[in-house]
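Student: Chain by chain, the residues:
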Amino acid sequence: MAQRAVWLISHEPGTPLGGTVRFSRRYPTVEKRAKVFNGTSYVPIPEDGPFLKSLLFELRLLDEDRDFMESRDSCSRINKTSVYGLKVGGEELWPVVAFLKNGIVYACVPLVEQTLSPRPALISISAISQGFELLFGIQDFLYSSQKIDTELNTKLSQLPDLLLQACPFGTLLDANLQNSLDSISFASVTHPQKQPAWKAGTYKGKPQVSIAITEKVKSMQYDKQDIADTWQVVGTVTCKVPVPPILGFYQMKEEEVQLKITVNLKLHESVKNNFKFCEAHIPFYNRGPITHVEYKVSFGQLEVFREKSLLIWIIGQKFPKSMEISLSGTVTFGAKSHEKQPFDHICIGGTAYLKLHFRILDYTLTGCYADQHSVQVFASGKPKISTHRKLISSDYYIWNSKAPAPVTYGSLLLWTHCDAFDFV
Amino acid sequence: MGLLSREAWAQRLGAFRASPSAYMAAPEGEDLGRDLLSDLRSEKLSEQTKVSMLALSLEYPAQLWPDAPAAEAAATSLLDTLVLLPPRPSALRRPLLLAATTALVTGGVLGPTSGASLRLLPLLLGLASGGDLGRGFGPSSEQRPLQATACECLRELESCKPGLLGGCLGLLRGLLGQEGPVAPVQPLSLLLALALRNTLVIQARARASLQGLLTVRAPPPGGGPWNWTLAQEGDAHLQPQAPSWPAAEEECGLSALEPSPEEARELRAAVAQLLDTSYLLTPVAQAQLLWLLGWALRGLRGQPPVLFKPQLVRLLGTAQLALLHAVLALKAAFGEALFTAQDEALLLRRLTLAAQHPALPLPAHLFYLHCLLSFPENCPLGPAGEEAAPLLLEPQLCRGLLPNLLHDPLALLARLHLLCLLCAEDEQKEEKGQAQSPCHYLQELLAGLQQRAALTGGPRALATLCFQASYLVALCLAGHRTVLAPLTHGLAQLYRARPALAPHFVDLLDRVAPELGEPLRVVLRQEVVSRPGGGEALRWHLQMLAKVADRDAQSATLGFLQAAAAHCTDWGLQQALLRVCRALLRVGVGGGLADLLQALARQLEDPDGRDHARLYYVLLSHLSGPKLGVALGPSLAAPALTSSLVAENQGFATALMVQEAPAPIRLSVGPQRAEGPVPVLQLQVEVLEPVYSLELRFRVEGQLYAPLGAVHVPCLCPGRPARPLLLPLQPQRPAPAQLDIRALYTKSTGLTCYTHLPPLPVKFADLFLPFPKPPEGARLGFFEELWDSCLPKGTESRLWCPLGPQGLEALVSRHLEPFVVVARPPTSYHIAIRLPPDSKLLLRLEAAQADGVPVVLRTDAWAVLPLVGDYLRGLSAAV
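Chains as they are written, first to last, in the working numbering: chain Y, 259 to 682; chain D, 10 to 888.
To be clear, the hints were calculated from the coordinates, so they are not data collected in a lab.
All residues carry an ideal CB built from backbone N, CA and C; glycine is no exception.
Do not take every clue at face value.
If the Cβ cut is set under 8 Å, some of the chain Y residues that face chain D in the computed set are [to be verified]:
| # | residue |
| --- | --- |
| 1 | Met259 |
| 2 | Glu305 |
| 3 | Ser340 |
| 4 | Phe357 |
| 5 | Thr429 |
| 6 | Leu431 |
Chain D on its own, in the form it takes in the complex (with noise of 0.2 Å):
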């Protein structure tokens, strides 16, 4: 883009002013940098216009010039700008020069590799140094004026870069202590603070020592190399304060500095040096002064805090606010060490006039309340950090600081708290019962404030303050009774004069803990059901009900319910009807209930309204007194007030309807029990939480087994051992199977939920039945009748059973046992099992070897010899 005109830069910076991101985005902002850059050159642009220019690239270098490389070209740029201008006096040279540090350093490329750092850091010296810098640096006239913004530049760039002037200190001392008005000492005075502070922190936290900073009166500007050492041991510790406050020596850890006792006296003198010509400063510059030196002095051995004590002289009777939280912070710091009783004692009664002097403006006002209310005692009693009045302040003093009506909202906060803590001091005093007492004093305020909030049409902001001081006092006087009986009365009477603030109480109660909470709630159910239930107000007092309704007085609330349905015309009226009744059904309210939510079902005009009855006496009528807690739970979707019937179904869906999910059962079959007229699966079941009202369903593929029962199971906890379930099977057909299993179950939560876990097995063997046993001497003949009437419908078939170490005693006893008819151990066994429903399978197992016995077998079903094969072949791996 060309060269534009003063109008159109006018234009530019206004375009870019209203929306920097907007301005950026669009195609014109592009160019913004460079232009600016190159206009600032201009000669026809007038400087007033360049200065513009300037002010901007001071508030959005990183709009300006978004990457390093930008901002390392911009300030060159800018100091050839500089450099250029005509030796004749120029507004461009202060303003140039404070650019070019923004640019460096919001660039974040001010270091020992940027070219323009290095130009920069020695003219900024040199210029601070209040050297001749010849050409280019205007007439003597502005020299004062440069040296001063030469100042403030040197110190922007340390307070981003801690370290960076550690090698000037000796400079900066000579500096300031040259006679005559040759420096200017605010500039150079804050300058030698901030680095001496950042300095003592950099070589306190690389335990080193001062090293002779303190006097070294090099380098010559523009002479040697910057001096990078500190700056880039310190740039790793531009990182968050320690807390300044409270005053914890570990914590600034310049405890680990130990200064030679050369050292210690050159930094005792400098400190002096800065002290004794604080008094040249202007307040908010005195005020830094300050709160650098007493930070750079904390902790710091051999160094005591004396050094401030004739400057307390002059301040602890200053009325500047900045300067006064500054001798604050030094009071924390330093506390009995600087400041005697008589100081603090002085230093509160200094405050508590100040949070009330008419002079000052009210944000004044309320920042001395908070010093009060959080002064740094140099005995506190109480919790750090909580707000307290502080012991040597007298109630006496006090008195001035006490809140009435006509004060704005924020200070009568502020002095109702300090009330507050009064009255709880003065309670645990003695109960004076006096009118002058505090306690007193606040309930005449909260009556006056409850007055004022009952004003009908009066703004919001009344109404919000009445009960921002009830929760505030509730808060403070928690156990407080003489307090809080009349504030839950004068409350109960505000209700009454303007309902229209249902939503206020709502929210208060809903915030207060029970010490006036429930009373509160008592007195206000009682408010709302005493009435007619008509009028302007009824949408207010159902509001108000469906917060504060519960078990006790049921007749009385449904008395009222009854009586407002008639006046419930409209739709939101209705609903918010069905609130109330919807809050007694997740109480647990039964009867009368049941009877209004019918009668409403019939009569309510609007069928939104009815079929929300119907639903709630249906819910009412179904479900046990829990679940409905549940199902009404205000974690669901609160019904808004355009709540629907549709939409409130949606949040009794999920509390209402099974829902799936993953499984915290699990399943497994135990040991095999091989007894009774059919077949019984063991199951155990584990739980990884408690599972309430456990139904099992159970289903096999095909049509093997008779359909399969369900199991149910009460309760199940985690880690407590529970029974095996016993599912009784009917085969079919003698046939192994897979079992499908679902389970229902309740969660703690009171949902429902539905699940299918993995499938077990039932395996050929979990079928086996034994036969009833016959006497011990007729055995064998029962087993050789059985063996007979296999055939010949039957089969007989011969295999080979492979035995493992155990031999075959062992193998008969862990698998078959239950089983045996004919034993003569260890080689022969005679071996009859039940297959249901009403197969047989007979074994002969004789003349064991070593690695494996002969069986023979006969059944009278063909289909099961590939089972048996199988089953016998896999015994000994199962051994």
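This is chain Y alone, in the form it adopts within the complex (with noise of 0.2 Å):
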């Protein structure tokens, strides 16, 4: 249930090695106990060198991408999960978990307490998820608050002493970092406190319980008889209404040298015309810089950037009282520069979609919310509890109808015909 290693690395396109090992911790007394039930299939933990360049071929993070290379590019090398096998040193290192997350490579080697040969499942390995749930852990410490450079150092630096708590043998005890973090400053406290019994430090600060619901809504509008429109809210209920908050059509037709183009969005009835923000995005891939756009809205304004092929009409708080808005024009490009302008595998020649980003707060399409009267919290002292609710639009695409379109599998049939998937 041990891990042997952990890493956070940077990945730097462009330098020569790729990336940089930002942290890294060995756990000697995991590796004894590895040595032994891995038997003669053991391999050594590399140093971090090693590690970093074997890692960053094998995620394909290494800027060498022109030239096939079996070793990485074979057909039959099929992975599909996010445990890895390492090349290091003509031997195998496995299993090492690794992902990448805003620019950073997440890795751990989890301790098999058996032989590796033949490799046992992943699912028959303890320590498998210890170590996903570890990379979350110190994922969500570095990205608890706004991401800005110098705090990432800050939190790269506290890892040490908080791993030092919440893992100091390799066993993960807590995979929340920040309740680790509060407990280091154990020393300036000098009375005994009521706390959780998982904690060996103590809480400062105000109690406070939220409870916030954030429904999110995604959708795929097709326009097309034979391709069935689906949507998805996902929170913390039941879904009832079988309607996406936004309907809407996009026609998008090649003309010569220039793009015709005609959107229409109409907004549900039930759904509340307040939004917080409302954009349809639409971006024109694999062509030059627009250098030309003629256009009418019903509604809104449209905003153009030109270098990123991109137009953004922006809706605004609320839709008109028809409650249906249109967009139609004509676009015409420069010549294509592969540097700047956006490259996209799925939108080629007239595949193509718009956009909707928006988020409408105090609201939830299921109607789901929170009492905070009728909240209980069993504990000594009165903690403040608020609750929240919002819904945020996510991956709602409503694609070009006039030319074939990537389909995803009827999820309606399954969200309405299951229950939902109460996520604590």
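Reconstruct the complex from the two isolated chains, following the hints.
Tutor: Next up, the structure:
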């Protein structure tokens, strides 16, 4: 259930090594057990340099993508989880849990308490999920507040002390590193306090309970007979309203040197017409910069980002009384230059989408809410209780109906046929 | 080295971390361990610096103190430093305890003979018990964190030396059961659970009982000596765990343990106690506790897993990755005994949803998907260890888990695997052919992947993904024509659109089974040869064709190559062209290829290319098909892009040139023939492996015999009796000789080998030939005539020929029968022998006695007299 080592590596494309080890921690007592448990299949933990090189190669994060390389590109090298085998010094180090998030590669090597040949199934290794929890915990800690580089450095510098608390011998005690941060300053507290049983240190700060309900709504709209539109609300409870909040269509046609576009959006009458913001992003991929736009909008305003080949239709806080708005126009492009304009591997030819970004506060599609007067807390002291709810768009796509579009399978059925996954 | 400043230490630690091995190899590495220990007591360094130093010792103890005495000394020094700390709050106590523990474990010194161990263990147990340790252990505010740390240290020691705390189970249970917030629940729970599990395993292996270990509340910390009994039994048992998955009661061996009813009750109470307070633990710690208790109770008699039931109500709904994983471990361990079919369905549904929940990160999705396909079912149908869709997983439930192009490659492949499994099931049920069927969806997805991979200038990762998906589909759905046919077609279109992906196609063809590989090969060949033969993509077409060309569609292939030859202006293209020719040579394409090679040998600009073409032409016109196949086979140094004629010739050299090899052939001389005009040696031949086209060449030193002809045998197989080989000899003089023998043969691999066989002797008697036999009545006269003719040119001699027990008659019939002219058995024989080329030897054996016979001999060849003497004297021994 323990980890043999853990690393944080910043991914730096374009540099000679492709990245830097920002933090690493080895657990020699666990390594001692690994040697016994793995027997002849034991592969020692490499030093940081070779590990970095091998990991970035395996994750395809090195820049050498040009030629076919069998050790990387062969069709039979199929990975279906974030667990890898790394070639290190002629041997293969396995299992290595690793993933890239926000430019940082998080990696650890879980202890396997048996021989590695044949390889046991991941599900049978207790330390795998513990490794994930550790890495997710570190990630949450690094990005628990606004992402600013200096703050990231501060947090990275706190990690050795934090892991000394949360994972002193490689066995994770608490995936919430913030708890450990709180307990590091134990020395200044002089009188004993009541505290959670698992926490060695004491908690400073005001007791507070905050309940937030956030619903995310995803949608794929095609405006086609043979493809069913899909939508998904995820939050805490059952979905009951079988319509997306905004319905629409997008038509785009290539006419000689220019594109002709038509967009129509309609807000469903049951949805609260009071947005924090609402925008439709219309990107044009694999083309040159926009040189000329002629357009007509029935509502809101259109911003043109010529170099990025992007139109943003700012709809604002409210839809008009009719609840229906439209945009039509023609767009002309200059010559393509690969460095500046966006490349996309789905939007080829006529395949194109517009993506809606919106947020509605104090509202959920499902009607779900938390009553702050009904929340009971069984603890000493009176915590302050607050509740929030909001609806956020998430992957809300409307595809050009005049060309092929990637089809996602009918998740609508899934979400109406089974009750929701109450995620605590 | 003297006392270092904070900066110096920071620099030193940084340099060490950059490359520990390089640092320790350098001279400054030598003193690092010692300096670290002494500077920990320095009053000039800040606590923060010392914590950093201790952190280093936690990670690299084996580098700092590489052997057992050094580790023991280090642990002692760390404990001394701990005791000497002033009684005020300090951030050092905790890391010092951790460092001493680490040093003892990694140094391999933990044991009853280690002074540091005997100090550390009572100290840790005392701290864990919350006892007052007096001076040096700081203010009371630090007691609680130190208590937790002590528990962690004990847990690590128990992990590395199972059974160490076997004697403290009762004590730990007591501590955990104390009222009020005295003891930290989590560290104690985990420590107790681990010690309990290890004790059960050790006692079961030793076939011992629990001996009241669960109830004894002794020993008092710091009092009596530490109980090492169990740890020493356990020491031999820190060995790979029995596979924890799937549950196999025999494997973990706990069934050997037969607790008494009272022990069983105590055990249940201990487990229940741990489970009851488990909700107070962090999720990851709860997961550890469940794994430990699951291991502890699996297969133990009289311990129904129903103890876990109250926890399941809470745990089945968990959204914590580690906790859900632990529940699956319980499911694998206890199956139906703990989980109903409804529980199973619920778990499956939760996994299905967790595998796509937008609030969870991608690695968690993928792990849940893996759990879903490796789900420990109550009643599994398929073979163990293979990923499969669980029986209770309804296809409807999986719809949200189907792959689409917007997914990350890992997620796409994982979901694609599920989709393939669904397709396999779907096809088994009934061919629906609807737009809604998984197979239809799969085809659309593959088409999308192909379209994306076809994008010129797109990243290679997208192409790789498309080929990985194709490979996965071919693997999972090998027998499904309805899927493979459109896949083949789609891949052909992809090649048409982006021939630069040829290396990926070659790789795919190398790895897929013939179900996809064969039809794909055919369409790709058609795709290539139907083109005009020029253009930018020519090098890819040639690479592709080298892989897919075969005897079919020869004329189209050759036509393409002829057209392409005009465009092969640089060395690289010419080599690629010749590689296709080589591939065609290998599969045995003849006629038209010879013309093409001749044309290339004239037409190519590059001399290397021309030489190559000529070489291939020579090979084609001189070698038989199978031999050519071997000569150009893939086992030889396959020509890389930079190959040249020289390099390739080295390859041919091995295949076409004769190689010296140890002989798989054994030759021996068979019985004498003694007939015909010349002496003929009968050779017996045996082989150890099949040998073809064997040619045996013989030679005799000097000019004793006329040059010998070679013997040819088309084929010899081991174990199959071979006819004797006949070797006619043409002696120039009647003398024995040594035959020097060389063999040339072809092995079944097609290689031609040469070997020198051990020499064979041609004995004097091997040269004997009989005279033509005269009619019965004229024999004596014939002999006398010969006898008289020897003199005066020849010579006469008398010898004594000893006889063995069988007597003269047996000797003659065995050795001289063919040459007897006049016989008066048992005492008198007249023998006439022809010695080629033109000599004779005449023997009179008369008046034999019991132990020998006097022999009168005449010959016209003086030189043979000593040979005859040796021969006759050797006869009796040879009987």
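Student: Now tell me if each hint is right for this structure.
Tutor: Status of the hints after comparison with the structure:
For the restraint placing Met259/Y at the interface with chain D, the shortest Cβ-Cβ distance is roughly 5 Å, inside the 8 Å limit, so the hint holds. A hinted interface residue such as Glu305/Y counts as satisfied when its beta carbon comes closer than 8 Å to some beta carbon of chain D; here the least separation is about 6 Å, so the hint holds. Below 8 Å, beta-carbon pairs count as interface contacts, and Ser340/Y has one with chain D at about 4 Å; its hint therefore holds. Nearest Cβ of chain D to the Cβ of Phe357/Y: about 5 Å, under the 8 Å cut. The hint holds.
Checking Thr429/Y against chain D: minimum C-beta separation of about 7 Å stays under 8 Å; hint holds. This hint holds: Leu431/Y has a C-beta 6 Å from the nearest C-beta of chain D, less than the 8 Å allowed.
Figure legend: structure checked against the earlier numbered hints; every hint is met.
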